[in-house]
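*Asks:* So you can see what is in the structure, the chains are spelled out below.
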Amino acid sequence: MKDKLRNYFRTKMGKILCAFLIFFIVATSAFGMAVTVTNYQMLMPMIQKMVTQVITQKIQSVWNEEVRIKLEAGKLNTKVVTFLNYDMSPAIKNMVSDYMVNDTGAFSTASGKLYNDMAKSKAQLSLPLAGSDFLQFQKKAREVSILIAGAPGGGTAKMKHFSTADFAALKLRDVFNQASVAAYQRAAHGTYVAEKFRSELSAFSPSAFDSGKSDQAVKDLAKLTYYNAMLQSEILAVISQGEMRQALEGK
Amino acid sequence: MIMKLRFGTQSKLILAFVSMILLYGLVRDSLGIEPCPAVAETTLAQKAAQWVTAFQKPYCNYLESYSASMVKQKLDSGIFHQALNASQIFKVSGAIGECDGSSALSRLSVRIKLNNPTVAEMTSAKLRALRAGTAITAYASGKKAFAMASQVDSALSGFVPASFDFTSKQQTQKDAAKLTHLRGLIQSQELRLASLTKMLDSLDEGR
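Chains A and B supply the protein sequences, listed in that same order.
When the first sequence is numbered by our numbering, its final residue is 251 and no position is left out of the sequence of numbers.
When the second sequence is numbered by our numbering, its final residue is 207 and no position is left out of the sequence of numbers.
The set of hints was computed from the structure by calculation and includes no laboratory data.
Backbone N, C-alpha and C fix where the C-beta goes; we use that ideal spot for every residue, glycine too.
Certain hints may be false.
What the hints assert, rightly or not - Here are a few chain A residues that face chain B, going by a calculated C-beta distance under 10 Å: (1) Gln53; (2) Thr109; (3) Ala130; (4) Asp133; (5) Lys139; (6) Arg186; (7) Thr191; (8) Ala194; (9) Phe204.
Turn these sequences into a full structure, and let the hints guide you.
*Replies:* This is the structure:
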């Protein structure tokens, strides 16, 4: 058997086969060595680039998700909070600076028709209701304000024999009446705003904060703080207007 | 002899061929030329993919778990559960005390009966009625607000503010929002009462 194999390798075919075998062994080893050693310098930057790319993409996707969460709107829907839309300031200004100067007061020579009609009216008396329509509310507050303002004095013709003290008292009474009207209207506005705030904000359940994300809660916290600031500013306006009136009252 | 000669020639040829191949590889290597581009690129890509997977997996897993834990923290509920009951106290239909004042005023206005009254007398009577109606509204509102304040007080009495020291920032943020909401509702009643008091004052004849 051994001789048979030895004889086979001595043949032309056996030798060619041996040559090919040696060639493949050497070539394979050369290629293997070349890939492992020679391209190592090229392999590292390539891997570095690929790893960096993958990690960057991952960081970007995580960050995008984080940004998306941060941009989610709060749970408190500001569209249903309307108490800030009701403003009586222009009406109060008109009442005090226009009506109180031209249509009533000691120095006014107006007929006082509006006041007379209001006083004699047989219509049922009613308070400005905070739960009613805003225009209706404003109308009712104005009616009461006209009664508070009183009748026009008829001008200076009646004040021929007035002393300086009389004039001072007259002017103070006029200013006091203006302050009374302003205080009444501002306070009426305060009741309306307070009622709107209560009805709108009490409809919102605070448990909604628990079901949302803390980022949303922070946004809602900012909104609520803003609303509270507006409410406090209204409290300040009502109290200060009332205190001004009380100071003029001289008690 | 012939066999020996033929075998020697063939061996030399094979040796020369092998040497040429090895020399060729050596020259390419020293010149920095890739030995076998087709094979090398495939192998490199495979190797790179393996390395990338090895690197990216733990890092991406860490990022994902970190992100998930962050979201979970954001979703944690607050500890101030009393806020719900306390805010429910302010849920009433219609403005507080308004019905009492309105009905009193309508009863009072029917009673205003003056014989040949002057405008000033009519005004005075109407203002008195309005004052009474406003006073009743203010009293009813005050009574109700006082009851609300007591209810809020008892709803919040079980809560210990030091509990916030043991909660996460996210939970505290949620509870801060609840407290601000409740504070707004309380302040709205404060405004309403202050306004009614000032309305009542304004109806005084004064000077």
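*Asks:* Work down the list of hints and note, for each, if the structure agrees.
*Replies:* Evaluated hints:
1. Gln53: Holds, about 9 Å.
2. Thr109: Hint violated; Thr109(A) Cβ to chain B Cβ min 17 Å, cut 10 Å.
3. Ala130: holds, 4 Å
4. Asp133: violated, 13 Å
5. Lys139: violated, 15 Å
6. Arg186: holds, 7 Å
7. Thr191: Where the cut-off is 10 Å and the nearest Cβ of chain B is about 4 Å from Thr191(A), the hint holds.
8. Ala194: holds, 4 Å
9. Phe204: The hint holds - Phe204(A) has a Cβ within 10 Å of chain B, the shortest such distance being about 7 Å.
Checked against the numbered hints given earlier, this structure breaks hints 2, 4 and 5; the rest are met.
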